[in-house]
Amino acid sequence: MSIKNDLIRILDYESVVDDHDILKAYSCDQSFSEPCMPEMVVFVKTVPQLQEVVKYANKTRIPIIPFSSGFNLHGATIPRQGGIIVNLSRMNAILHIDDTNWSCIIEPGVTVSQLQDELEKHQLRAMLPFGVHPKRSALTSFLERDPAVAAASFEYGNELIMDTELVLPTGELFRTGLWSSGNTPGSPMGPVRAMVNRLWTGAQGTLGIMTKMNIKVEYLPRMRKIFLFAFDSFPEIMEPLRRIQRKEIGHECFVINNFNLAALMCKEWSVPQELPAEKINSREFEGLRDKLPEWSLVVCLNGGPRLPAEKLAYEEEELRGIAARAHMQGYNNGEIEELLMAETLRPWGILKKFCYRGSVHDVSFKTPLKRIPEFQRILQEVTNKYDYPMRDIGMYVLPIERGRAMHIEIDFHGDPHDRSVMPQLKNMWLEISERFIDEGAFFDRPYGAWAAMVYQRAGTYTQKLKELKRALDPNNILNPGHLCF
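The working numbering puts the first residue of the sequence shown at 61, with every later residue one more than the last.
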């Protein structure tokens, strides 16, 4: 029998697709990763179906690539060796919402907008990353360690994954934490108090396929207040930002430059339904970019179910004290405050930036706050070399764990249909990435070309990862060619 007939026997006729045009859509995304056609796409609805597909792939040595929502910006689901795309979008149930313990069990097909809308009915919210697409898989976003907007806070922005269920590369079902002992999902800790589920975070589907995830959710704020501070250069922000984080003020705290803020405010643009997007020229955007502050520091205070007014009052008093001592310039703009208030709960308005040129190619990494000016210097040097204007760069800086480190996103924009521009943009992106890594930037999610740059500099770590891969995936069927595998 053919592979297609075998898969139809496991699933059904409608769930196995080999149409050329459909396969082509899975062969690429808006990143610089090289396109590669899969041989087939299968849609699974249940865990037993998925297990059978994985076991069949082991038997026939056919690569399989997990695929949840399709909104991938970095080439993580582009098959490197052909094979079968396993589409999990039909596994889209929110299985349980725990109002008491503030947790939620989701399947991989649940989108972030679906999750946030359902949680809102329970006066709860998911802690989401800035710039996540509303159609992106919520489970994948957590699994790929997309940093939540509230990452500045220990308790509200980090370690959001609790118990998990996944299908191992051999087809076996595996559960972590309390779930592994047959109990109700809860704490992620195992018998040795080790969070084993971390093994699969950031693994890009190379070590297992996550089928269920119990995540922490938080209360929907009863009272909120946004503060904006304007700065002419990033070094001016550093000391006030450090003081704010030291005092643990606010859930959300981040820095955004005028390009990204103008994109967020632009009414002539909307969040694209597909990526890459259609290029839309906008005089409104150009005007906003010119008049907005070069940098804006955003601090969002949140009041919970108990004593919300009192909480906001003492945080605001301390924040105003820091602002006065640091001579920070407050920036009062009701329209921006309203937009940012919405963006912290449904943080996809910033995706309007794709309308500027059509595609966005980011360089994302982590570094201490004090080192950011050094990376700005390198950025200026390389962009000058390629004649890329600094004013066309979007930047976003997010404190992590009260300033222990900073997550940086630097966006470069290009027209994917302009073949005269994209090769040079790719070369610039590669050179900046390489220079940043050489200077100590930590790329904790090494997608595409970043993987070789990262793993060739970490020989012992890479060798250990390969040993784990051989133990978990002896036939190397899960997303081969990604990371160091």
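Derived by calculation from the structure, the hints in this document are not laboratory data. None of these values were measured; they are calculated from a predicted model. One thing to keep in mind: the hints can contain errors.
Under the rule of at most 30 Å between Cα atoms (straight-line distance), these lysine-lysine pairs were calculated in the DSSO-like manner [stated by the list, open to error]: (1) Lys285 <-> Lys371; (2) Lys426 <-> Lys445; (3) Lys486 <-> Lys195.
Quick list of simulated restraints, FRET-style, between CB atoms [claimed, not checked]: (4) Met97 <-> Gly364: 26 to 32 Å; (5) His80 <-> Lys526: 31 to 37 Å; (6) Gly364 <-> Pro295: 32 to 38 Å; (7) Gly364 <-> Ile68: 41 to 47 Å; (8) Thr106 <-> Gln440: 50 to 56 Å; (9) Glu299 <-> Arg150: 47 to 53 Å; (10) Arg343 <-> Gly262: 39 to 45 Å; (11) Ile63 <-> Asp158: 24 to 30 Å; (12) Arg479 <-> Ala85: 18 to 24 Å; (13) Lys445 <-> Gln183: 48 to 54 Å; (14) Lys445 <-> Glu299: 42 to 48 Å.
In this text, a Cβ means the ideal position worked out from N, Cα and C, and glycines have one as well.
Here's how the hints hold up against the structure:
With a CA separation close to 11 Å, the supplied pair Lys285 and Lys371 stays within the 30 Å bound. Between Lys426 and Lys445 the alpha-carbon distance is near 24 Å, which keeps this suggested pair within the 30 Å criterion. At most 30 Å may separate the alpha-carbon atoms for a hinted pair to count; Lys486 and Lys195 meet this at roughly 27 Å. Hint check: Met97 to Gly364, Cβ distance near 50 Å, so the stated range 26 to 32 Å is violated.
A C-beta distance of roughly 35 Å is found between His80 and Lys526, which places it inside the suggested range of 31 to 37 Å. The supplied range of 32 to 38 Å is met by Gly364 and Pro295, whose beta-carbon atoms lie about 35 Å from each other. For the hinted restraint 41 to 47 Å between Gly364 and Ile68, the CB-CB distance of approximately 52 Å leaves it violated. Taken as a hint, the range 50 to 56 Å holds for the pair Thr106 and Gln440, whose Cβ atoms sit roughly 53 Å apart.
Distance hint check: the CB atoms of Glu299 and Arg150 are about 51 Å apart, consistent with the given range 47 to 53 Å. At about 41 Å, the beta-carbon gap between Arg343 and Gly262 stays in the expected band of 39 to 45 Å. At about 42 Å, the CB distance of Ile63 to Asp158 disagrees with the hint of 24 to 30 Å. Separation of Arg479 from Ala85 is about 21 Å and conforms to the stated range, judged on CB atoms against 18 to 24 Å.
The supplied range of 48 to 54 Å is met by Lys445 and Gln183, whose beta-carbon atoms lie about 52 Å from each other. Lys445 and Glu299 have their C-beta atoms about 31 Å apart, which leaves the hinted 42 to 48 Å range violated.
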